[in-house]
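Protein chains: 2
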Amino acid sequence: MTNEAPGAIERQLAGFAATLDWQAIPPAVRHEAKRSILNIVGTAFSGCQEAAVTKALHAHLPYSGKPAASLIGRQERADPPLAAFLNAMAANIFDYDDNHAATIIHPSAPLAPALLAWAEAAPTQGADLLRAFVIGGEIECRIGNALSPYHYAHGWHITSTAGIFGAGFGVGALLRLPEAGFVATLGNAAVQSAGLVEALGTMSKSISVGNAARQGMMSALLARDGFTGPPAPLTGARGFLRVYGDAPKLAALTDGLGADWEIGRNTYKPYPAGVVLNPVIDAALELAARPGFKPDRVQGIALRGHPLLRERTDRPDVMTGREAQVSAQHAIAVALADGAAGLDAFSDAAVARTAAAGRPTLTFIDDPSYPIAAVDMTVTLTDGETIEAAVRAARGSAENPMTDSDLEAKLKALAQRAAFTGDVNRLIDAVWTLDTAEDAGAIMRLAAARP
Amino acid sequence: MTNEAPGAIERQLAGFAATLDWQAIPPAVRHEAKRSILNIVGTAFSGCQEAAVTKALHAHLPYSGKPAASLIGRQERADPPLAAFLNAMAANIFDYDDNHAATIIHPSAPLAPALLAWAEAAPTQGADLLRAFVIGGEIECRIGNALSPYHYAHGWHITSTAGIFGAGFGVGALLRLPEAGFVATLGNAAVQSAGLVEALGTMSKSISVGNAARQGMMSALLARDGFTGPPAPLTGARGFLRVYGDAPKLAALTDGLGADWEIGRNTYKPYPAGVVLNPVIDAALELAARPGFKPDRVQGIALRGHPLLRERTDRPDVMTGREAQVSAQHAIAVALADGAAGLDAFSDAAVARTAAAGRPTLTFIDDPSYPIAAVDMTVTLTDGETIEAAVRAARGSAENPMTDSDLEAKLKALAQRAAFTGDVNRLIDAVWTLDTAEDAGAIMRLAAARP
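Residue numbers (the working numbering), protein chains in the order written: chain A, 1 to 451; chain B, 1 to 451.
Read the hints as simulated data drawn from the structure, not as lab findings.
Heads up, some of the hints might be wrong.
Unchecked claim - Computed list of lysine to any residue pairs in SDA-like fashion (alpha-carbon distance at most 20 Å, straight line):
1) A/66 / B/58
2) A/55 / B/62
3) A/412 / A/423
4) A/66 / B/62
5) A/55 / B/65
6) A/66 / B/175
Turn these sequences into a full structure, and let the hints guide you.
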């Protein structure tokens with residue numbers, strides 16, 4: 001079988017998912033899967049009470065089947081596809097979730113909620129769930145690699161558009177689909193892949209993230225029942241990659257498959273803002289902590305960084321917390337003023353505060369030689385003095401990753417902020433011991449709010 | 001307000017939907033809405049027992065809420081969004097449904113099932129349902145006009161991608177959303193618009209059609225609850241039209257809005273095949289009816305027609321009934337052999353028969369001056385003789401429309417083929433009297449199979 005035959009790449013991806021042995025997944029990759037799940041449970045706590053989630057819950061609950069699955073941080077329950085939808089929305093709502101740096105996909109939001117909802121309703125061993133997570137993460141990130149950078153730049157919300165394939169393959173792995181079932185899953189998912197960058201910072205963004213989880217699950221469930229699509233849904237002449245891509249890199253789909261693991265490259269965010277802002281916030285917090293620094297003496301700030309920093313975050317006039325997550329002007333203003341950049345720094349109230357106090361005037365200097373994780377910040381003060389902060393590898397980047405205990409602390413802080421009354425330590429322990437757990441669904445019951 | 005202000009076009013479309021008066025809809029347009037609904041109920045009978053529908057029903061029914069809505073031609077019931085999903089799939093599965101010639105959108109499949117499912121669960125007057133149908137049809141066809149011809153040619157299944165906006169606006173009209181609610185509906189729908197031409201002829205195609213109905217409904221229900229998107233979801237820099245289009249024709253969205261009615265241009269299909277095949281089948285049937293014509297004497301056939309005829313139907317080697325619906329080779333073979341081209345001519349068995357007997361070798365002559373509804377067919381016989389059939393306006397085209405009684409006969413034939421035991425005459429009467437009906441949902445109860 002060569003990649004030139006129609007559907008050969010699809011069958012190769014499907015064969016990988018159908019035959020991957022748990023023992024063949026390196027320990028470091030298994031551990032990264034657990035870190036991803038720990039982080040996503042935490043970010044779901046952060047988003048679970050947001051208006052978008054509550055409104056979506058109320059709109060959808062009349063159309064839920066048997067409520068066999070939990071909602072993280074909430075008391076309500078829903079059927080597994082709806083729970084996947086709502087937990088995915090909650091996990092990603094602040095873009096505080098994990099990040100695959102090469103594509104800026106948030107791999108876990110569409111994927112983990114689908115797996116956990118299924119595992120709660122159907123007996124699932126922890127190792128099977130982790131295996132499914134690794135398979136799903138591999139597929140969504142490789143599809144993202146094949147489409148990047150055109151796809152996101154064109155306006156696609158890549159977490160949603162690629163994520164549906166991750167959820168489909170992940171649930172397909174739990175269902176132990178045969179190779180043909182995974183090919184069918186690709187077709188069933190390809191026809192419902194959607195999501196727009198235009199919607200970032202609005203409630204609508206969360207619909208496509210939730211759909212990726214729910215419809216990915218349904219794509220696999222349909223495939224299990226023999227519901228099939230075209231033989232080459234990704235690589236066909238009118239297939240997904242040609243329609244959603246410019247010059248898709250087909251080799252990125254299969255090179256090193258089963259040897260080189262994308263989920264092993266996952267990263268986690270210390271701040272609830274666009275990942276390109278991480279070094280900027282690091283630099284601002286560092287300056288704010290310097291003895292004698294006074295934010296009201298700032299006249300202007302120059303930022304030298306990767307062009308994406310300017311493209312995605314030069315938003316001086318944001319009015320809401322959600323818009324502010326991708327505003328360099330607000331992020332710097334609040335970090336300099338408060339010396340902190342947690343969720344409360346990106347509330348509507350915090351945004352109103354920086355709008356009233358005045359945000360710094362920024363000059364962006366595009367430098368494609370800078371990695372996303374680096375920035376040079378030069379602050380000019382009212383007396384003409386300049387002070388500088390250089391960040392070479394932002395907290396949470398691949399070079400400066402959050403530690404396991406950082407992730408635990410992040411989850412605990414987010415659970416506390418959500419007034420979670422469950423046992424956070426048991427929840428954390430359940431994630432770290434997933435490899436040997438008989439019942440992976442226990443995580444969901446531990447993460448639900450107590451009635 | 002000018003169209004240059006961000007979101008001005010969206011607000012204009014929303015204002016139209018929010019304020020359109022029933023009395024302002026011309027009688028001919030109201031009647032075309034009823035013809036559309038009559039036709040779509042018929043085509044739902046044709047598809048309701050297909051494997052794709054049955055499999056989708058089984059996969060989704062565990063996740064249905066209260067079964068308040070009927071499935072056309074079936075005994076099962078589902079919640080309104082799921083009923084909309086399944087009835088839309090059934091209505092479009094054979095592409096035997098209506099056709100908006102300028103875009104090749106099937107306007108009713110995503111739209112009417114959403115409206116009828118809602119009307120069955122919530123008291124709805126017939127005039128309100130027709131008004132909602134006209135509003136939804138207007139929006140989806142205008143969005144299609146703005147994106148055509150690039151969008152479909154690029155690989156988008158336009159019935160699905162545009163249809164979700166139709167269903168959203170239609171259900172929004174039933175909910176009597178205010179202007180801002182329709183703008184939100186556009187954003188909620190834009191982030192979940194999907195569907196690929198690659199999937200035509202496979203079960204997966206039906207997922208995106210069903211999604212258009214169900215997710216369009218949910219887009220409006222979310223908007224009713226204050227779930228909002230960006231201010232310019234269609235026309236923004238990363239909005240729907242820029243991402244899914246090449247050089248979108250913005251004027252097509254609003255020029256003549258409320259005066260020039262797209263649903264008034266709807267057409268209906270006499271054959272369950274791609275609409276570009278209609279003149280070809282007319283010609284073949286005409287030849288088959290000529291005294292002394294013997295299909296086994298055909299050596300080759302030349303077709304002069306619009307380039308889309310070749311692009312979409314030059315498929316000599318199809319193996320299944322669904323693929324054969326867009327195969328000129330099969331359509332001609334079966335029409336010449338049988339002198340008929342109903343649903344049974346596009347069954348798997350009929351396809352196997354033409355494959356075994358040999359299909360004619362076709363030569364396509366692209367002529368962009370030909371309308372879609374015209375073709376010249378020149379048949380060369382084994383003795384060298386040629387015979388010709390010219391079709392200037394295919395049956396079912398705008399120039400040669402199916403009559404009301406043609407549509408009634410089509411529905412009756414499809415109901416009979418589905419072994420429907422309900423009262424077809426009452427059902428037909430209920431559609432024709434929708435203008436004055438107190439309970440539009442009665443159509444659904446009349447169209448359901450009796451237990």
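A quick look at each hint next to the structure:
1. A/66 / B/58: Holds, at about 15 Å.
2. A/55 / B/62: violated, 23 Å
3. A/412 / A/423: holds, 10 Å
4. A/66 / B/62: holds, 7 Å
5. A/55 / B/65: Given pair residue 55 of chain A, residue 65 of chain B holds - Cα atoms ~17 Å apart, limit 20 Å.
6. A/66 / B/175: Violated, at roughly 27 Å.
Violated hints for the displayed structure, listed by number in ascending order: 2, 6.
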